[in-house]
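Taking our numbering, the leading residue of the sequence shown gets 6, the next gets one more, and so forth.
Treat the hints as calculated values from the structure; they're not laboratory data.
Quick list of in silico lysine-lysine cross-link-like pairs, BS3-like style, CA-CA up to 27 Å: (1) K138 <-> K59; (2) K138 <-> K216; (3) K102 <-> K59; (4) K102 <-> K138; (5) K102 <-> K58; (6) K58 <-> K138.
Derived Cβ-Cβ restraints for the label pairs, each shown as a range: (7) E44 <-> A17: 38 to 46 Å; (8) T200 <-> G178: 21 to 29 Å; (9) A207 <-> E12: 38 to 46 Å; (10) E12 <-> E44: 41 to 49 Å; (11) S104 <-> D146: 26 to 34 Å.
Since this is a predicted model, take the numbers as computed values, not measurements. Backbone N, C-alpha and C define an ideal beta-carbon position, used for all residues, glycine too.
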Amino acid sequence: MTAISLEPLDLAALLCSRVCHDVISPVGAIVNALEVLEEDDPSMRDFALDLIKKSARSASARLQFARLAFGAAGSAGAMIDLGDAGNVANGFLNDDKLSLDWEAPRALLPKNQVKLLLNLLILATHAVPRGGKLVSRATIDGEQGRFVITATGSHARIPNHVEDLIAGHSETGTIDAHAVQPLYTGMVARAAGMTISFAIEADTVSITAQKAD
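My request is simple: use the sequences and hints to build the entire structure.
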């Protein structure tokens, strides 16, 4: 494996591409529904309005999640409420394929720890590509969190190369938009002074993040 070399502008571009990928689908659905309304077909009006409402809620949930998971979320040293993080995580992840159980005390943690937890949830969804159940547990000691996320579902697996990418390595030393998520997660973990480990048993993948030794 080779250490990944990535210019700051390239990292920013890949993260923007990642966020846009999440938002394009619901926004596109809104555009399509508005076109249906323009046709003035009474039989399709209720369908189009329902699609607009669902897609607008989805786009809003995805943007709120991205704001915390990838955005600045305040100045350096800012603290984020785990309760707020849980609300945006539930809004983003609960759907027809996935369910999320968020188990965390209402507490303020340094922003990089909360950003790490949200990014780990995204990696957990990759562990159950056919859908399933996510459980996110957080324990707090002062201003230090410890996170354990389990992803249970059919054909659960540790995503390919995820541990290498988190460590900042790839086969070629380069990445594409699909690999930026674990790379960024590893960068946030190091900024938070935490380590990440993966384990799998049967149809359950466990991801643990805790303070580095």
